Amino acid sequence: MKMTKTLLVGAALSALPTFALAQDAAPTMDEIGPYILTTLLFLVAGFLVFFMAAGFAMLEAGLVRSKNVAMQLTKNIALFGIASIAYWAIGFNLMYPGDAWSIAGWLGPFFSFTSLEPVGLAAADATLDYASVASDFFFQLMFVAATASIVSGALAERIKLWPFLAFVAILTGVLYPISGSWQWGGGWLSEAGFYDFAGSTVVHSVGGWAALAGALILGPRIGKYNKDGRTVPMPGSNLALATLGTFILWLGWFGFNGGSQLAAGTVGDITDIGRIFANTNMAAAAGAVTALIVTQIMYKKPDLTMVLNGALAGLVSITASPLEPTLFGALWIGAVGGIIVVLTVPLLDKFKIDDVVGAIPVHLFAGIWGTIAVVFYTPETSIVTQLTGVAAYGIFTFVAALVIWLIFKATMGIRVSEESEINGLDMSELGMEAYPEFSKG
Amino acid sequence: MKLIIATIKPFKLEEVREALTAIGVRGMMVSEVKGFGAQSGHTEIYRGAEYEVNFVPKVKLEIVVGDTMAEQVVNTIATTAKTDKIGDGKIFTLDVEAAMRVRTGELNDDAI
Numbered sequence: 003m004k005m006t007k008t009l010l011v012g013a014a015l016s017a018l019p020t021f022a023l024a025q026d027a028a029p030t031m032d033e034i035g036p037y038i039l040t041t042l043l044f045l046v047a048g049f050l051v052f053f054m055a056a057g058f059a060m061l062e063a064g065l066v067r068s069k070n071v072a073m074q075l076t077k078n079i080a081l082f083g084i085a086s087i088a089y090w091a092i093g094f095n096l097m098y099p100g101d102a103w104s105i106a107g108w109l110g111p112f113f114s115f116t117s118l119e120p121v122g123l124a125a126a127d128a129t130l131d132y133a134s135v136a137s138d139f140f141f142q143l144m145f146v147a148a149t150a151s152i153v154s155g156a157l158a159e160r161i162k163l164w165p166f167l168a169f170v171a172i173l174t175g176v177l178y179p180i181s182g183s184w185q186w187g188g189g190w191l192s193e194a195g196f197y198d199f200a201g202s203t204v205v206h207s208v209g210g211w212a213a214l215a216g217a218l219i220l221g222p223r224i225g226k227y228n229k230d231g232r233t234v235p236m237p238g239s240n241l242a243l244a245t246l247g248t249f250i251l252w253l254g255w256f257g258f259n260g261g262s263q264l265a266a267g268t269v270g271d272i273t274d275i276g277r278i279f280a281n282t283n284m285a286a287a288a289g290a291v292t293a294l295i296v297t298q299i300m301y302k303k304p305d306l307t308m309v310l311n312g313a314l315a316g317l318v319s320i321t322a323s324p325l326e327p328t329l330f331g332a333l334w335i336g337a338v339g340g341i342i343v344v345l346t347v348p349l350l351d352k353f354k355i356d357d358v359v360g361a362i363p364v365h366l367f368a369g370i371w372g373t374i375a376v377v378f379y380t381p382e383t384s385i386v387t388q389l390t391g392v393a394a395y396g397i398f399t400f401v402a403a404l405v406i407w408l409i410f411k412a413t414m415g416i417r418v419s420e421e422s423e424i425n426g427l428d429m430s431e432l433g434m435e436a437y438p439e440f441s442k443g
Numbered sequence: 265m266k267l268i269i270a271t272i273k274p275f276k277l278e279e280v281r282e283a284l285t286a287i288g289v290r291g292m293m294v295s296e297v298k299g300f301g302a303q304s305g306h307t308e309i310y311r312g313a314e315y316e317v318n319f320v321p322k323v324k325l326e327i328v329v330g331d332t333m334a335e336q337v338v339n340t341i342a343t344t345a346k347t348d349k350i351g352d353g354k355i356f357t358l359d360v361e362a363a364m365r366v367r368t369g370e371l372n373d374d375a376i
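If you're matching them up, the sequences are chains B and G in order. Convert by adding 2 to the 1-based position in the first sequence; the result is the number in this note's numbering. Convert by adding 264 to the 1-based position in the second sequence; the result is the number in this note's numbering.
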């Protein structure tokens, strides 16, 4: 009885005009639908990109030697935590200043903490033409964590833990957001017409440049390059994990590229997202198959680790323009990515740049290629503007990273001792092993 | 007593074990080793860099038997493990000075 009375009263009240809202009645699905769907897109795509952290962790763990596996895993989980905190504290608002630029188009506000909408947001207070701040923050956070993971792979097996994490804090809190603001935050590069849909340059090449700078300053692993100029292979400990990691990254990439549509509330948008998923998959497939064929031809036997890298390079290559190309377009763009990786992995060795997992070929070189490939299918883009973007991100990230690594090297030292490196970082930095049952002791 | 040390190709282990237990051998030790002899290694490529695989995986058997049985054990291993291709392995026979069973304290021929 009491319930019915409440319902009746409630029904009566809801029929009255409510002056609190801007609209005269409760908002219609037309009004709030796009907001809900776009927010949902960010959340779901965000989960997928989050899982890429597991992908990176497994890939890297599988490609390093047993004595360094636990350290690699520690770096991966720690960097994710640090990225999350740094992006909240500084990064997010630095990257998306809105009206709060410090230097318009170039530098956002520092030390502007992220705050979310209050609990129980009313439709009248929401940005109905976009998505919730929380979902936007959550989604973008996953991208910055991916950038940091790229660096951890290249510098594996000889870097000290804490200097690496300190670098991650600066990369995720400052460097990535500043350069990111130039394009996605509405800064000068986006004004100039640069196009990078999901971040071949903004995310992948940034990670790649930082990794390259680190690899140069850190130096190669002991024993990697012989006095007579030969490269000594150091095979990974677990190719099953490496493959698992690659598949997880491939899965996560659907969120990475698909979520970057930044809208899901119309027929056009949701159809575009399906197109993006299909193209993303095609590029990965083409990259993998190309690497398979090229390594078979070059080395008489295919190399699984190159096939894995090839798939990832295909994904990075399509990331700048996953929407516009046809499926055939995605195929050849991804295939070129696969070729780039197979050719540049040994090239780095020739220059004595020791990149343990092939992060620089996959993310930097394929990232540059992906950025250039935009001009083939996306209207109103030009090779000049694309290269301007590549150069801008390259100069800024590489120089900044170089300076930071040099300062760290001079102050705290970034490389473990020779004895630690030979015994393995797991014992020297962590005092534990990834596979204790299989140890000699 | 004699100690017989034999290296054989890993896939032959089960066959050799069965043949030896059939002739009355009641114990052996098996370890996984790598080595080279006439069957030298080969070159492989990992991510574009060549490396020499100098050692080949083998299985090492160590068997202690009485003097009378030793020759039969050697021949059994040789016939069972042979594949007529290089890398079939080698068999060595050494003298054993003493033996003891840990559980009972039995010595020499009573121990094997």
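Simulated from the structure, these hints should not be mistaken for laboratory data. Every value quoted in this text rests on a predicted model; they were computed, and no experiment measured them. Glycine residues also receive a C-beta, built at the ideal position from the N, C-alpha and C atoms. Some hints here could point you the wrong way.
[Said to hold, decoys possible] Only part of the chain G face toward chain B is listed, based on derived beta-carbon distances under 8 Å:
| no. | residue |
| --- | --- |
| 1 | I309 |
| 2 | Y315 |
| 3 | F319 |
| 4 | P321 |
Hint by hint, here is what the structure shows:
no.	hint	verdict
1	I309	holds, 5 Å
2	Y315	holds, 5 Å
3	F319	violated, 15 Å
4	P321	violated, 16 Å
Figure legend: structure checked against the earlier numbered hints; hints not met, in rising order: 3 and 4.
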